[in-house]
Amino acid sequence: MEPYQIVTETALRYLPDNRQELMDLYRPIEMPTGTGCPGIVIIHGGGWHAGERGAAREINIGTNLARMGYVCMSIDYLLSTPETPSWPRNIEDCRCAAQYLRANAETLGVDPDNIGAIGGSAGGHLAACLTTMPSGEEDPDGTLYPGVDRSFQAGADLYGIADLFHWRVTDDDGTPREEYRYDATTQMLGVSHTEAPELWSQASPQLQASPDSAPTMILHGKSDTCVDYQQSIDFAARLDEIGVENELILLEGVAHTFHLGARENTPSPIDVRERVLSFFDRHLRGLSGDEAKARYAAMLASEANC
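Mapping of the sequence shown onto the numbering used here: residues 1 to 306, in sequence order.
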């Protein structure tokens, strides 16, 4: 296949008028025939208190996925401050994004039955929450999309925090220690782990996963000094234990904040783009592994001839 020509639309609204958070769309100009393109919500990182939808990683992800025939929505969501926690409003914003894609499926050319999520770092945590936790029927704060499905059918967690109680400090080479980070999580939740352990558990995808959780891809660099890679090992082990389909990829020598393209300071031993696209092709398009591989090979051949 030839990569789709894409269009980017920026600074669009998807939340009520009293909210300042916006979103960007990345989508093919000419939509494929049939049921439409799967939709993917892109969730930025930044420790739940910083970051924005138009950062380099999010642009890279949106562009790459749209060129392979996905309608991507990169969102801002409520960030925490020292005075104001953001949970659970941040995860509810992500679910509103899924509702937006479904409510506008005909206009955007989205397949409403197949919505995925991808995020890095804090965004990886939120993406994992979306695949492991029940979506609930309605936004507790009210919604622009009453009755519209809020669920996600697959998600990719890039170096996210899966167990908030055990976010480890690392050595300079990324080796995890038995010493833990709590400050950013305490600000996001508005309370410490000793004061409200039940709330911390409710916001930990590893602890909330069930046999009904959606397929989840987990990628982590083993030289990550921001989020320890043991998080991803333990998360995948828990998903294995309860029978949830998952794919764990650990990258030797790779640090924090990689995306779907090559970076000189974090050389990847595998083609991350191929693995992520294959995962979504299998779980949101229903392709076999061989079909996904052939689709990607055709795109590479087309890129080489450009």
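Hints should not be assumed to be uniformly reliable.
The calculated label-pair distances, taken between Cβ atoms and stated as ranges, are [as the list claims (entries may be wrong)]:
| # | residue 1 | residue 2 | range |
| --- | --- | --- | --- |
| 1 | 10 | 261 | 16 to 24 Å |
| 2 | 142 | 212 | 43 to 51 Å |
| 3 | 137 | 303 | 38 to 46 Å |
Since the hints were made in silico from the structure, they are not lab data. Where a beta carbon is used, it is the ideal one built from N, C-alpha and C, also for glycine.
Structure-based check of all given hints:
no.: 1; hint: 10 to 261: 16 to 24 Å; verdict: holds (20 Å)
no.: 2; hint: 142 to 212: 43 to 51 Å; verdict: violated (26 Å)
no.: 3; hint: 137 to 303: 38 to 46 Å; verdict: holds (43 Å)
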